[in-house]
Amino acid sequence: MSEAVSGEWPLYEVFVRGKRGLNHVHVGSLHAADDEMAIRHARDVYTRRNEGVSIWVVRSSDVTASSPDEKDPLFAPSGDKVYRHPTFYEIPDNVPHM
Amino acid sequence: MSTPDPSHVPDHDSVYDGLLGGDDSHWAFGTDFEDPLAGVDTTVPDGVDHRDLATYCLMLGDDALVLSQRLSQWCSNAPDLEEDIALANIALDLLGQARLLLARAAAADPTVVPALPEGSPAPPEDALAFFRDDRDFRNVRLVESDNGDFAVTMARLLLFSTWRLALFQRLTDSRDHVLSAVAAKGVKEMTYHRDYAARWFLTLARGTEESRRRLVSGLSATWPLRAELFSAHDVEVRVARAGVGVDPSTVADEVDVLLEQVFASSGIDRPEVAPLAGVQRRTGRDGLHTEAFSLLLAELQVVARAHPMGTW
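Respectively, the protein sequence lines represent chains A and B. Numbered per my numbering, the first sequence finishes at 98, counting up by one with no gaps. Numbered per my numbering, the second sequence finishes at 312, counting up by one with no gaps.
Among the clues, some could well be false.
Partner residues aside, some chain A positions facing chain B, computed with beta carbon under 7 Å [stated by the list, open to error]:
#: 1; residue: HIS41
#: 2; residue: VAL45
#: 3; residue: LYS81
No wet-lab data here; the hints were simulated from the structure. C-beta: ideal position from N, C-alpha, C; glycine also.
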C-alpha cells in the first residue's frame, strides 16, 4: 500500500442489540481502520459483559445530525400537541411493547 | 388527562437499560466465584491413569495461564485503547481455561497440588498457579517468551491459537467429561483469537514497510519455538491412547495447511529457522524453561506467596 498513512483511525459509532432488546441502541464510539475491524473492536469493547447479540457500526462521518441551532423549529412545535400522544386510549394489559 | 412528561423517555435514560434484562442472567459467569467444577462429574474414566490425566491438564492449563499472564502485560501499553481491551479479553479467556484445567488437574490427582499452610483459603487451582516452582510448570516455551513488540505478540498468538484450536477441536471427543466440556467452551474462544491474530498478521504484512519488517522479524523470532508444540510428550501419548487426550503430532498437518493460507494471503515466506533445542532433549513439557519464564513467574506469584493466608 502506497497511500500516505494518517495518524488516526476513523471514528465509528456503535449500536448493540441486547438479548432481550428489540432494537439496536447506540452505546458509544471507537476507532478502527476499516469496517470489519470496527465490528471486532465493538465486540471487544462493548459486548464483553454479555450485553449483545448483534452489532451495527457506522462511520461517524456518515451520520447526518441535526444542528442545535435548529432545535426550536424542529422540536418546539411538538411540545404542545398533547393529542398526538396515545394516552387517550386504554391499552389492554396483554398488548406487548407499548 | 395528564400530559406525558417529555423529559422521561425510558429508552434513553441509560443506554445499557435496553441491553441488560434487569436480572443477573446477563453476567456470563455469574456474579460470584465458586467451585469452577461445581456440578460436573469429575470421576476419572476407566483405564485412565490419574497422575497422567492430572499432568496432561497441567500442560494445557499452564499453556493458557502463562500466555494469559504475558498478554496481560500489554494492559495500558497496547497501540490503541481498542487493542488494549482486545488483548485483555483474550488473556481473560485463557485465564478462564487455565482455571478449569488446573482445577481438573487437582481433582484428578490431589497430590499434584503444593501443600499450603494449615487453614490457607487458597483453592487448589490457585495453589497450583501461585505456589509451584518453575520446574513443575509443564507449559510449552512458546508462551513464556517475551512479548516483544505488537508484531511479535501477533505472530506468537497466531502460532498458538491455530495449534490450540486444532487440539481443542479434537479434545471435544475426550472420554473425560470435564476435558470435553472445557474444550467445547474453548473452541469458540479460540476461533476468535485465531481470527484476531490472523487479521492482524495480514494487516501488518500488507501495511507499511515498517509493519511488514517487524512482522517478518517477529515471526522468525517466534518460529524456533513452534516445533515443540507438535512433539508429543510421553504423557500426551498415553492420554491420547486412553482416549482422554490428544497427541499434538496428529494436528501438525492440519495446522500447517492453515498457516500456509495465512502466509500466502499475507505474501510472507515460511521462515527457515531451526527449532530451539531442549536441554538433554527436555523442553517445556518436561518442566524445562527459559530465563524469561522465571521472571514472569516471579511477577505472577510474588504477592500470593507473600500472603499464603490471604483472601482475595
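The hints, checked one at a time:
1. HIS41: Holds: closest Cβ of chain B sits about 4 Å from HIS41 of chain A, inside 7 Å.
2. VAL45: holds (5 Å)
3. LYS81: Violated - the Cβ of LYS81 of chain A stays beyond 7 Å from chain B, reaching only about 10 Å at its closest.
Hint 3 from the earlier list is the only one contradicted by this structure; the remaining hints agree with it.
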